[in-house]
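There are 2 protein chains.
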Amino acid sequence: MDLSLYIITDENLTLEKGLVEKVRLALEGGATAVQYRAKNKTAKQMYREANALRKLCREKGVPFIVNDRVDLAVAVNSDGVHVGQEDLPVEAVRRIVGWERIVGLSTKNLSQVREANGLPVDYIGFGSVFPTGTKEDATVSGIEMLKEAVKLSIQPVVAIGGINLSNIDRVIETGCKNVAVVSAVFSAEDVLTATKKLKEKLKKG
Amino acid sequence: MDLSLYIITDENLTLEKGLVEKVRLALEGGATAVQYRAKNKTAKQMYREANALRKLCREKGVPFIVNDRVDLAVAVNSDGVHVGQEDLPVEAVRRIVGWERIVGLSTKNLSQVREANGLPVDYIGFGSVFPTGTKEDATVSGIEMLKEAVKLSIQPVVAIGGINLSNIDRVIETGCKNVAVVSAVFSAEDVLTATKKLKEKLKKG
Chain D
0 MDLSLYIITD ENLTLEKGLV EKVRLALEGG ATAVQYRAKN KTAKQMYREA NALRKLCREK
60 GVPFIVNDRV DLAVAVNSDG VHVGQEDLPV EAVRRIVGWE RIVGLSTKNL SQVREANGLP
120 VDYIGFGSVF PTGTKEDATV SGIEMLKEAV KLSIQPVVAI GGINLSNIDR VIETGCKNVA
180 VVSAVFSAED VLTATKKLKE KLKKG
Chain C
0 MDLSLYIITD ENLTLEKGLV EKVRLALEGG ATAVQYRAKN KTAKQMYREA NALRKLCREK
60 GVPFIVNDRV DLAVAVNSDG VHVGQEDLPV EAVRRIVGWE RIVGLSTKNL SQVREANGLP
120 VDYIGFGSVF PTGTKEDATV SGIEMLKEAV KLSIQPVVAI GGINLSNIDR VIETGCKNVA
180 VVSAVFSAED VLTATKKLKE KLKKG
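The listed protein sequences correspond, in order, to chains D and C. Each step along the first sequence adds one to the number in numbering that gives the first Met the number 0, with nothing skipped, and position 134 is 133. Each step along the second sequence adds one to the number in numbering that gives the first Met the number 0, with nothing skipped, and position 145 is 144.
Rather than coming from a laboratory, the hints here were simulated on the basis of the structure. Hints are supplied without guarantee of correctness; some may be wrong.
For chains that are exact copies, the list does not tell them apart, and a pair is met inside one copy or across any two.
As the list claims (entries may be wrong) - Computed cross-link-like contacts, SDA-like style, restricted to lysine to any residue with a CA-CA straight-line distance of at most 20 Å:
(1) K43 <-> E90
(2) K43 <-> N108
(3) K40 <-> V89
(4) K40 <-> E85
(5) K134 <-> N39
(6) K43 <-> A137
(7) K38 <-> Q84
Just so it is clear, the structure is predicted and the values come from calculations on it, not from any experiment.
Next up, chain D with everything else stripped away, as it sits in the complex (with noise of 0.2 Å):
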């Protein structure tokens, strides 16, 4: 399980033809990890677009995680579920998915991670890091919490929120070895080469 180039869709900034191509470009330019997230879709919708990306996964050996709909993630046999503090509690979505599948638990401050180290779960996002644009209203940690959260958890750190090529050596200095990114990505007009980037960076790192 790479988690250090994660990569995470977002509707508002991929339409759906245009999906497949620009996770496939992501994955061409070093992406090691593929979070579907979709919040004003139907079912419908997402399960069509869940089994187009699981298949490109798959074929790329990458792992694909469904973000919250813990069913949507079986019934498309993801790699994986990623759930937030909102969403359904981290022992339900196991009996659910059981352990072969990788589990994900956002967390906002230290007292989750902590929690998160009693918690069933094979990593955590942690964030957002910095400002983002994705996700307005989310609480913003900044560099030095995250540094705190990297030594804290048990369980591998996701990186999450705002990152992009000109803070990304920020989040490397932390200790924390994965990043998740959204418009970092799916913004660019170019995907290919701005994954290629932000992996050249990661490499260094």
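Based on the hints, put chain C in the right spot on chain D.
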């Protein structure tokens, strides 16, 4: 599986604190099945509410069905799940919940009823039979089409949409054995009496 008086919760008609109590009164009044439906809550909130309702329904020996969220249905160990045409496809739902749980599907026209005859469902909802305030954009099928649906369907049909004490007789006259109600029970000042009166109509029918 007795779906004859099938009550569906509505987050706009019940505060969280009143929800379990209102369902308890409806069960005392003769409701034979309960569906938990919520569209604007977090999964965490739904998990809490659905767990409480499931416990109550189990005590009363009445099937408890979760709307839309198949993961929630599994998480709270409900007796069944109900999905619409825009939710996860019924085949995918069946793969997740297995054959022990009830699977219901909403239909709104005869073409969907015909299609449902070939799907792995245990019952269908049909409607909106009358105009309804709960789903203002719902297509109204009318009583005549319900009659056709009941003839056409190989599964039990649950009539839904705007059914109340003043029009339930017209539903019963079509040959339909099952009615689903939301407002007719949950908007009532006196939930117990409102349910009892509907129950009497069904018994006579």
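Each hint, compared with the structure:
1. K43 <-> E90: So K43 and E90 pass the 20 Å test across copies only (12 Å; inside, 26 Å).
2. K43 <-> N108: Between. Shortest inter-copy distance 19 Å satisfies the 20 Å Cα cut-off; intra-copy 34 Å does not.
3. K40 <-> V89: between (23 Å within a copy, 18 Å between copies)
4. K40 <-> E85: both (19 Å within a copy, 9 Å between copies)
5. K134 <-> N39: For K134 and N39, both the intra-copy (14 Å) and inter-copy (18 Å) Cα distances are at most 20 Å.
6. K43 <-> A137: Classified as between; 18 Å across copies, 28 Å inside a copy.
7. K38 <-> Q84: both (16 Å within a copy, 18 Å between copies)
Violated hints are absent here; each numbered hint is respected by the structure.
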